[in-house]
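*Asks:* Spelled out from the first residue to the last, the chains are:
There are 6 protein chains.
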Amino acid sequence: MKKVVTFGEIMLKLSAKGYQRLLQAEEMNVEYAGAEANVAVSLANFGMPVAYVSRLPENDFGHAACMSLRSFGVNTDSIAWGGNRLGIYFAEKGASQRPSKVVYDRAHSAISEATATDFDWESIFKDAQWFHFTGITPALSPNVAEICLQACQQAKKMGLSVSCDLNYRSKLWTKEEAQKTMSRLAEYVDVCIANESDIADVFGIVAKDSDVEKGQLRQASYEIVAEQLLQKFNFQKVAITLRESISANDNNWSAMLFDGTKAFNSRKYAVHIVDRIGSGDAFAAGLIYGLINGYDSQKTVDFAAAASCLKHSIEGDFNLVSKAEVESLMNNNFTGRIQR
Amino acid sequence: MKKVVTFGEIMLKLSAKGYQRLLQAEEMNVEYAGAEANVAVSLANFGMPVAYVSRLPENDFGHAACMSLRSFGVNTDSIAWGGNRLGIYFAEKGASQRPSKVVYDRAHSAISEATATDFDWESIFKDAQWFHFTGITPALSPNVAEICLQACQQAKKMGLSVSCDLNYRSKLWTKEEAQKTMSRLAEYVDVCIANESDIADVFGIVAKDSDVEKGQLRQASYEIVAEQLLQKFNFQKVAITLRESISANDNNWSAMLFDGTKAFNSRKYAVHIVDRIGSGDAFAAGLIYGLINGYDSQKTVDFAAAASCLKHSIEGDFNLVSKAEVESLMNNNFTGRIQR
Amino acid sequence: MKKVVTFGEIMLKLSAKGYQRLLQAEEMNVEYAGAEANVAVSLANFGMPVAYVSRLPENDFGHAACMSLRSFGVNTDSIAWGGNRLGIYFAEKGASQRPSKVVYDRAHSAISEATATDFDWESIFKDAQWFHFTGITPALSPNVAEICLQACQQAKKMGLSVSCDLNYRSKLWTKEEAQKTMSRLAEYVDVCIANESDIADVFGIVAKDSDVEKGQLRQASYEIVAEQLLQKFNFQKVAITLRESISANDNNWSAMLFDGTKAFNSRKYAVHIVDRIGSGDAFAAGLIYGLINGYDSQKTVDFAAAASCLKHSIEGDFNLVSKAEVESLMNNNFTGRIQR
Amino acid sequence: MKKVVTFGEIMLKLSAKGYQRLLQAEEMNVEYAGAEANVAVSLANFGMPVAYVSRLPENDFGHAACMSLRSFGVNTDSIAWGGNRLGIYFAEKGASQRPSKVVYDRAHSAISEATATDFDWESIFKDAQWFHFTGITPALSPNVAEICLQACQQAKKMGLSVSCDLNYRSKLWTKEEAQKTMSRLAEYVDVCIANESDIADVFGIVAKDSDVEKGQLRQASYEIVAEQLLQKFNFQKVAITLRESISANDNNWSAMLFDGTKAFNSRKYAVHIVDRIGSGDAFAAGLIYGLINGYDSQKTVDFAAAASCLKHSIEGDFNLVSKAEVESLMNNNFTGRIQR
Amino acid sequence: MKKVVTFGEIMLKLSAKGYQRLLQAEEMNVEYAGAEANVAVSLANFGMPVAYVSRLPENDFGHAACMSLRSFGVNTDSIAWGGNRLGIYFAEKGASQRPSKVVYDRAHSAISEATATDFDWESIFKDAQWFHFTGITPALSPNVAEICLQACQQAKKMGLSVSCDLNYRSKLWTKEEAQKTMSRLAEYVDVCIANESDIADVFGIVAKDSDVEKGQLRQASYEIVAEQLLQKFNFQKVAITLRESISANDNNWSAMLFDGTKAFNSRKYAVHIVDRIGSGDAFAAGLIYGLINGYDSQKTVDFAAAASCLKHSIEGDFNLVSKAEVESLMNNNFTGRIQR
Amino acid sequence: MKKVVTFGEIMLKLSAKGYQRLLQAEEMNVEYAGAEANVAVSLANFGMPVAYVSRLPENDFGHAACMSLRSFGVNTDSIAWGGNRLGIYFAEKGASQRPSKVVYDRAHSAISEATATDFDWESIFKDAQWFHFTGITPALSPNVAEICLQACQQAKKMGLSVSCDLNYRSKLWTKEEAQKTMSRLAEYVDVCIANESDIADVFGIVAKDSDVEKGQLRQASYEIVAEQLLQKFNFQKVAITLRESISANDNNWSAMLFDGTKAFNSRKYAVHIVDRIGSGDAFAAGLIYGLINGYDSQKTVDFAAAASCLKHSIEGDFNLVSKAEVESLMNNNFTGRIQR
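Chains as they are written, first to last, in numbering that gives the first Met the number 0: chain X, 0 to 339; chain V, 0 to 339; chain C, 0 to 339; chain F, 0 to 339; chain G, 0 to 339; chain L, 0 to 339.
Hints were generated in silico from the structure; no laboratory data involved.
None of the values given here were measured: they were computed from a predicted structure.
Keep in mind that a hint or two might mislead.
[What the hints assert, rightly or not] To spell it out: a stretch of chain X is covered by chain L in this simulated footprint if at least three of its residues, at any positions, have a beta carbon under 8 Å from a beta carbon of chain L; those stretches are: (1) 51 to 64; (2) 96 to 108.
[Unchecked claim] Straight-line distance between alpha carbons at most 20 Å, and here's what the computed PhoX-like set of lysine-lysine pairs gives: (3) L/K16 / F/K100; (4) G/K16 / C/K16; (5) G/K16 / V/K16; (6) G/K322 / L/K16; (7) C/K100 / V/K322; (8) L/K16 / X/K16; (9) L/K16 / G/K16; (10) X/K16 / C/K16; (11) V/K16 / X/K16; (12) F/K16 / L/K16.
Backbone N, C-alpha and C fix where the C-beta goes; we use that ideal spot for every residue, glycine too.
Chain X extracted, bound-state conformation (with noise of 0.2 Å):
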């Protein structure tokens, strides 16, 4: 089977144990993870072949970022090497009524500080059929938006499905920022996945009569938002993720899919989290590894909603599940009894 590339940053992730705050964090977890090399765990994951492309720093991190990928197969050989530092995010775990938070401190990164020069595209699209970004890519530095343009006409060129993860991050640009980069690049993109807010942020269409933070969310509204979307930019699909967070402990959690024609619910899953940073990355995995295997829209949804959630019962970054595991949830055992 030919592979999928997934192109971004990975970070050194550091994170307090348990709920404790940052502030008195006398150790912490270390992990890397970023966007597209969860999404790219994930797949691999799953059985599929996948290459990450990146640029790490020469020194402890950007190796052990790298050796990090290899454990699960992920292919790293396009990882262009130079720069001096590796990206850092700093995470607490919320709960009740704290919320998660999470300190950036990626300036100036490797990645951030690439040319175009670093990355062969055309080689590395040899064997690929689908291509992966999310929004945090191009918002890292504008040569990197240059190069993920690069990279959208590469891959169209050559026959790769591109899909793309809208991630906005208020932190790394504005939203005027967002919505002229992500607007060129949303040309090449056959794919759109989002949750209930990025559409708002990065394109600016809104969802009626939706109130996030209270966790109402009504899937009426979402079939239009998700329909304007597609034809707006000529996407050939749309999925959206749709949270209704009811504490940082309790969320509900479910998914549509706009296959241009018609909207496919997946089920609704009451999540009791351990951890769910990543979660959006696995449904985008779970998405992609359904459209390229075939499933129908269905089936599809309800195997990215599955593989999403239960990235949020898996400590890490990465969705550490295997196919078999979504199948089961899928086909209705969701209740949680121990696997002897």
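Given chain X, put chains V, C, F, G and L in place with the hints provided.
*Replies:* For chains V, C, F, G and L alone, coordinates are given in the frame of chain X:
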């Protein structure tokens, strides 16, 4: 007071930390546990004299397993020493829609290779009033099944009560093997303990209109099951635990004791799970404690249900609660206010 | 701004990890905490100048307790040094139907053996506007009760407001002793803070038709209690926290402030508990902060309730939240979405 | 074989991790230890029947201390239950030029407040052949000194051998108090065990030309000391451990046994220290073991020195080594090659 | 560059923390290691293409072992999947006079039950230049010995160099069995690697006047041994590591390479041990690296000795050092100043 | 007593556990440290009033760094708040022949982007008698070098003594840049502190016949260096620390103070290293403490050397020792016996 004797396999239990998966474990917690050992420790914590019988290898892990039991005051004098290895089981804790998972590595354990000469049941049952084993013990190997039968016969000969928790384990034997062996042992058993699926797996008696996975359990249906079971094997009493699994974190838990004439139901507890492994054993211990101490049927099932309810809040397989703590819960103090 | 002074006992707190019982603890977390110290730290985190007064032994634990306070900017210049030991308290965290448990080992602590000459209240109260203590302080020993009285008298003489959190501890004194001593101190108190059981324990005033253990609390009933209390002791204000304990993990939490004329009720929060010890102190700190800063009664009780709601999500006794975080919760953002 | 009985105080030991200072400890290791308990455990590990006698409070820490002993097979049936607290000691591990540090918080412990009626020595010494205590026990309080005297008298009456390790603790009593009490107890002692400074502190007998702090110890000088001591108190044997402290990490360790006629010296071990607390107790246990089992004087001191040498390599106060491991070291295998 | 292929057993390694004994372990570190896997990882860290061949069970531990190798860039494509369990080994770290201890639980492992059809050596050795195994591999079971023979034959047929580290394990087979099997395999081996005791154990060739346990090793004597060995089995080269064990913490470490004509000795390093397991494998990897890259004999043994010297300072069995770090040590920088 | 002011960069320090490499770190210890902060804390621990000046970002890490200093009683009132990030440094501990390693990620830190208006030196130096900085501070950026110059000028104007520890960091600037800037600052410095390599790196003054890497240092040679340095820059005193690095675990450590006329040498300590980072800063603090308190030159260098000797035994960069502990070591108690 005369002692209780339990017989089975104690294993090295290695568990991933917190909600980590085994795949990502960089360190694991070390414990020693097993169904009959759990019952023994629980009874010792209630103040009962109790002896544990097994076969342990002469290495660090055999010794540590023995030390663990001895620390609770469990008598370990009749343990047979020999064999090559202590059985191991690995555990990861589930959360939300992801179930807990147990990986066994127990083949070729010291106890599974025990022979009849390892145990002198006449001597072991001196000063004893009760013998308890579970369906795991005879499943370990044909020779252990035979030893189990000898123990049962000697127990009845010396006037002990015999209890058995069905505890069907599909990794150890087939339903057919279980049915054949357990039916033979059943004739020596006075008190049969089971959960809602064991009875179907081991004896093929199925509750009507009950869908375990969906969490809908019906008392009336299980009363009929208990009665059928009691009549078929001439048990004096049958106790059934009823679990409704809402998620890996939240279960409803209750129990029923059928005393030959009538069914007595405990309160149903909504438990928020810390660690549910060992809760069935905690129930068995509570039941045996109540029966030995002459509690009436209602009080017996209430004590056993409260004891096993508390087990869900305890890390590890052993039920580290005192009789006073169980009674406090029975007597309506179940809101979890701080005990200063 | 003039400072707040708090007076009491800070202890070495040793707690079992996660949900382990003290009996199974192989290692314990080390903290330093105490009711009045918790209030001081909370106020410092809101930006208030605050001094903490106690007596500490000249050993590693006395020094570490002082360092802990000083790290938050709490002034420790008036701490008296001497005595033989720092009081200790051991804590295990409850779960589900198993309550949290606190074991005190605080007899013979340095502060409990303090004498009047250890503290020069005239000097301590220079540049101060508020004096806060709890019912634990006078309960430590008769001499500390006497010192507390002297502090109250000096505080009133110098025009400070005085607040007292009743905080009845049955391990330290009887209800009769508490009532006698607290009634005498009450005459110097402006603001009385209590939970639903303290008022009954210390002053014998009982709410009608309320069953604390069952979690049914009724506002109307507590308004009457607050009014009775206010009139009996001539308090200016009475604040009562109302906890409905569903389980050791889940509580409902709200509060009421009676300002002499009218009762103001906060929102009721459904809290999923990380650590509830110190939540009453967090409430007291929020209340004092609001009153000093001229918040109206509704805003004051809202601020105090939100602050103490957040405390339930924080590990340790200190309320590690900023004023901005409390305000964010007050202003309706309570769904726990990630703050990136 | 008849059992050994030891009598003393077991404490909650809380130690900083690794080489951390107590001041910086964020978590501490939890153990239960005490000089006589250490001897009991060591003997149990060599296969001797042994009982431990003390008084423990009825709380989690009293129970855990008892469980700790019981896990090694030490008989705890004669422990008296009562009192308010378990004594505590805090430890930090020294390194290089920084010495290890112990902070005691043992005043008012359950055993220190024991009374004569707590112990029925006639019953305790049934089936016993040896009674061991250390100079710490009578130092706990005058009543415990009196109980210790009664135990010694009963032991002699019933024909037991009595051994005493001087173990002078300046925090518990003055040299004068020690000398007065220990001289009275000495008349019942058969075997006196001491380190190089105890004899001077307790009995005022000083070795010539020896400078302990400088690490220069001289055998000849200590032979004279041992002989003087033996004659003064009519001991049958005197054993002295000799430590040369090069740094907190490196010590030389040897021992001498004077059997009334002649001094027998062990090999001198250059030990690289993991944890030296309890090494004197490990020596005492080895000595008692050798004497009970009829080893000749040279073999006895060799066994005891090898046992205590190994203790320096073990974390915790208990000497977790088997008889076979001690013998392996005695028999010249001391280069630490891997045992596969 | 053509790759190196190694073949053997990788196990789950569970080790006690710090200097704890296995008996007292409350938690254990989790790693995956084995002699040939260690060599593979070490070579990968030097930048060599390397493939690892074994048979792994399809469970979490088989997958994790594979992930561990893959993270270092070791090719795992030829691993056969099947069997029931991953072998386990438990380790405790010795100190001072207490030796390190390894407890094996490797019987019935997936690789030990492999059959010839599991491996297609012709395909495996495509693009390979070197095959390495150790004496552990054929000791696993007769069928694995047979597979090993087939691999050797195919390797020679395809022109690969073959190296073998004798690595005698007395728990797996007798000296007689080892001698018989290893002698047969030896005829295909070009480079024989051994430590000072292996040669005696496996081939009965003993160095004169050398007392391993006493730490006195003599170069001259080992040159004769190497020469005898080389002539007997027609090896091209023989390399011997020489360890002088002063204590479990301090060893002297050096090596000799006999190239058929002359012996080349490395510097002797005084190592202060962090973890010595895997140091022999680190030596083998260094040796293979030097030989493949055309280093002269002196440089080869210097590189190998420096690499394995550094291994002693690394936690875990894998030698986590780069080629540059080995060269830095070779080039006289061995005083351990901070690298800023 | 008038205070000491120190000025520099405090960083987030993330270190691998035990002897793990950064590459294998699954969790890291969190501290806050920096050369001048280390000096400030050390002085505070000796009882000196001390203020620390820097610029910190308004985030969790800026606040935590401030809290860390404040806990020791260091005055943080003159810290400027602003900027984007706290500098980070990563550390792994070396062992045996493997050196410790520090990876800096400090570019773009808040302090490196400070401007002159951030600090009002006239106000900062009120009630101060001493100003201390190190060569790291001016190396951070040209603007910080300029601020440092202004501080020196203001310090001299207000009659403060000025000390500077050369602390050359090759990652921050070239030798040429260092020489240029440091020479200009030197004219305001009274006391120059350096290690054996700094003087050569910064001022090009080289000791004859000394080979640092080989661990051979010669006092006589360094006396000449000190004298040259003193005369060239008109320093009042020059202090040099001399380290002989035997391995990453074992160093010899001594120091010399040249007071303009004569050189005073400390004892040479053989240190077994726990953590050597910060030992130079501990020396500087000891030196400043001795000079301020009027110790004679011999006592000053003895106090400083003993203080820094002890630092090697302390985990973390801060020297957590009291004045009494330093004096105890100075006064010949250096064998590391337990302090009970």
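*Asks:* Please go over all the hints and tell whether each is borne out by the structure.
*Replies:* Status of each hint after checking the structure:
| no. | hint | result |
| --- | --- | --- |
| 1 | 51 to 64 | holds (count 5) |
| 2 | 96 to 108 | holds (count 4) |
| 3 | L/K16 / F/K100 | violated (23 Å) |
| 4 | G/K16 / C/K16 | holds (18 Å) |
| 5 | G/K16 / V/K16 | holds (15 Å) |
| 6 | G/K322 / L/K16 | violated (24 Å) |
| 7 | C/K100 / V/K322 | holds (16 Å) |
| 8 | L/K16 / X/K16 | holds (15 Å) |
| 9 | L/K16 / G/K16 | holds (12 Å) |
| 10 | X/K16 / C/K16 | holds (12 Å) |
| 11 | V/K16 / X/K16 | holds (12 Å) |
| 12 | F/K16 / L/K16 | holds (12 Å) |
In this structure, the earlier hints numbered 3 and 6 are contradicted, and the remaining ones agree with it.
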